[in-house]
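Enquirer: Here is how the chains run, residue by residue.
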Amino acid sequence: VSLLGRATLLLALAAAAYSVVMALAARSRGRRAWQESAERGVYAVFGLMSVAMLTMWAALLTDTFELRYVTGYTSSTLEWPWKISALWASQPGSLLLWAWLLTLFAAVAVRLNRDRNRELMPVATAVLMGIAVFFTMVLSFVTSPFERLATIPPDGRGLNPLLQNGYMVSHPPVLYLGYVALAVPFAFGISALVNRRLDAGWIVAIRRWTIFAWLFLGAGILLGAKWAYEELAFGGMWIWDPVENAAFMPWLLATAFLHSVMVQERRGMLKVWNMTLVALTFVFAVFGTFLTRSGIVQSVHAFGESTLGPFFLAFIMIVLVGSFGLIVSRLPDLRSRHTLESYASREAVFLANNVLLVGLTFAVLWGTMYPVLTESVTGRRITVGQGFYDQVAVPIGVALLVLTGIGPLISWRKASLSQLGRRLAVPFALGVATAPLLLLTDAWSSWAAGTVVCAGVFVAASVTGEFWRGTRVRHALGGVSWPGALVQLVARNRRRYGGYVVHVGIVILFIGLAGSRAFVTEGNMVLTKGESATVGNRTFVLEETSRTIDEHKRSTSVRLGVFRNGEREATLSPGRNLYAALGSDPRDAQETTEVGIDSGITRDLYAVLTRLDEQGRAIITIFVNPLVVWVWIAGVVIFIGGGIALWPPGRRSLAPATAPEAADRATA
Amino acid sequence: VIVAVILVGLVTVLAVVLVAWPLLHHAPGAATEDPRSDERRRLDDEIERSLAAIREIEFDRHAGNLSEEDFAALDAQERARAIDLLRRRDELGDGA
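Chains as they are written, first to last, in this note's numbering: chain A, 1 to 668; chain B, 1001 to 1096.
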């Protein structure tokens, strides 16, 4: 197994290096056969990496304890789903997954572009395979998942119990789908720079790749948040942990890029900015992987440390210097076709959105790296608290939300203020009218939450208006039913209306986050059986305690009855598990907390059992978290909207059209 | 070990055949594709985008998102761009 795995990785490295050389040679010499050979090299690399992946999975499933990785992260009694997910339990396996996804996406990109963007393909192929060379080198010579042990142990150490969770099966691969897919836009961007094809052509080639990456990066972040909520028992889902930030930063940059490319497509502006963003987004994706796996930051999400740092830093430096050197050398070619004619225009709104998103990214980067910087300078690690992030992120988030409402209502180039005023009047009035209504609730006890709700209503009204006006026009023009008109509206412009659905999801997300962060009620209690305590307007009764032992763990749990106005509202069963050490070292024993959650439309009841002592006293922490479920619902809405935007449109043939014919067609 | 060696040999041969195939079946020195056909496809894409933009501007006018003044300016600009693109594509010929 070790031989097969190592050999396929080395062959993949050789094939990737061959593709780089052949693709660049094909470009300089103009040989079509060489480029075809380079592209087939991409398929070969993908095939070889697939063999390596399957070999690793086979080793994990068949308890091949001759491999250090299998021994370190599985055991013979581990259930098979966890054995499969053990592939991404630590650094070498995660990097193998990264590299495999990269070669998969490279193969798909080559296949999709076999008849298109031919001028861009040699350099794009070389860049993608250059990245593959780096990862296969790391996997072959620095941190091999196929490393053999000198003596084969009878059993493995097992998988960290925290990782034996459904969300941990899906969260890393989904996140990696997003991280790795960003390599394709980067490769095409570099190719466009090298070939001086700096019109919107390269942007069209990578538009869907960017949406795909953005969508999966976002889904991965939310799945990670759901895992943290259920598994880490701190009562929330997001604590601005460095690893959370590592995924959040490229997502923010990809969000900025998705908006700014529209400005280049429509107005031929922001070319330098778009090139900068595509390079930065990829750099942050690699940096995120580095941050998660290098161990330079302390994180609740990090499950492995390594000595990979210098290699990743060198790679990031090469990408940064190479990309920005190329951008600087092409500055004269990147000059815009137009300039910003008015601040009352869609491009100005997108520009403001970009400035805020990039500003937030660098604020998060500063907060994430500050402890590392202080440690390297003063020798003392000074961490940045949640307060710093909230102070920066909340006002920027509210401003972005407001821009989300304005963007769809304002025209390109220059909007007349009277028209803009007419369009904004109803959404703005609804947003403002929400403010006094919120006085009936306690929403204004947090100005941020109140503002988010008002801004959310403004955006929802703006988007609803867009759907209403569009459907009305379709209904009038097409003579179709109202539901038919709505379907036709979305189907004919999937990117625009899919984007609006995403905006609705963002509103729901903001409201869910505002509720769940600003209005948490927390209470601590020490109860014995039959005793009760009150948190807010609810009474919690300790009804039962239990202790069980099986071959893997010792478990303690309690049953809490939750009563409101004398009526039973829910039953919560928080507990703790102490997993036995599978190896010889008793320090390997691990304790996990199983939170008790009752989810509802308006609130989550969340109970954490801190301790159950021998006298039957249970120390319990209760959180009443409002609106949490809306965060997960928002994720689904955003995914649906992104899926609509991603779906390819039916292609219209332009072949027979000449200038006058097509101009007539457009007029008609 | 023998099975692993055989498998490694097999995937090596497959990979080599896969990448060498185009080199053996193309006349040596064959040029890359006609750059004009790539340019034509690129222009086709841009024309399609430009026509879609014209349709969207028209649609926004019907929906009341654009005043007549805004519509006239945007529409004229996009139409001029579309015509310029179409002219450039016509100049390339039909590619036959």
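Just so you know, these hints were derived from the structure itself, not from any lab. A couple of the hints might just be wrong.
[To be verified] With a Cα cut of at most 25 Å, we get these calculated SDA-like pairs of lysine to any residue: (1) 414/A / 1092/B; (2) 553/A / 21/A; (3) 414/A / 1079/B; (4) 414/A / 1023/B; (5) 414/A / 1077/B; (6) 414/A / 1060/B; (7) 414/A / 1002/B; (8) 414/A / 1064/B; (9) 414/A / 1058/B; (10) 414/A / 1083/B; (11) 414/A / 1039/B; (12) 414/A / 1003/B; (13) 414/A / 1072/B; (14) 414/A / 1004/B; (15) 553/A / 636/A.
Enquirer: Checking one constraint from the list: CA of residue 414/A to CA of residue 1003/B, max 25 Å. Satisfied?
Expert: Distance of about 70 Å is beyond 25 Å: violated.
Enquirer: Between residue 414/A and residue 1064/B, does the CA-CA distance stay at or below 25 Å?
Expert: holds, 16 Å
Enquirer: Hey, residue 414/A versus residue 1039/B, does the alpha-carbon distance stay inside 25 Å?
Expert: violated, 32 Å
Enquirer: Between residue 414/A and residue 1079/B, is the straight-line Cα distance small enough, at 25 Å or below?
Expert: holds, 17 Å
Enquirer: Are the Cα positions of residue 414/A and residue 1023/B separated by 25 Å at most?
Expert: violated, 54 Å
Enquirer: Mind checking the alpha carbons of residue 414/A and residue 1060/B for me, to see if they're no more than 25 Å apart?
Expert: holds, 14 Å
Enquirer: Checking one constraint from the list: CA of residue 414/A to CA of residue 1004/B, max 25 Å. Satisfied?
Expert: Cα-Cα ~67 Å, so violated.
Enquirer: Would the pair residue 414/A and residue 1072/B pass a check requiring their Cα atoms to be no farther apart than 25 Å?
Expert: Since the Cα atoms of residue 414/A and residue 1072/B sit roughly 12 Å apart, the hinted pair holds (cutoff 25 Å).
Enquirer: Need the status of pair residue 414/A, residue 1058/B: alpha-carbon distance at most 25 Å?
Expert: holds, 16 Å
Enquirer: Mind checking the alpha carbons of residue 414/A and residue 1083/B for me, to see if they're no more than 25 Å apart?
Expert: OK: residue 414/A and residue 1083/B at ~22 Å, within 25 Å.
Enquirer: Are residue 414/A and residue 1092/B close enough, with their CA atoms no more than 25 Å apart?
Expert: The given pair, whose Cα atoms are some 34 Å apart, is violated under the 25 Å limit.
Enquirer: Residue 553/A and residue 21/A were given as a pair; does the straight-line alpha-carbon distance stay at or below 25 Å?
Expert: With Cα atoms ~54 Å apart, residue 553/A and residue 21/A exceed 25 Å; violated.
Taken one by one, the earlier hints fail for this structure at numbers 1, 2, 4, 7, 11, 12, 14 and 15, listed in ascending order.
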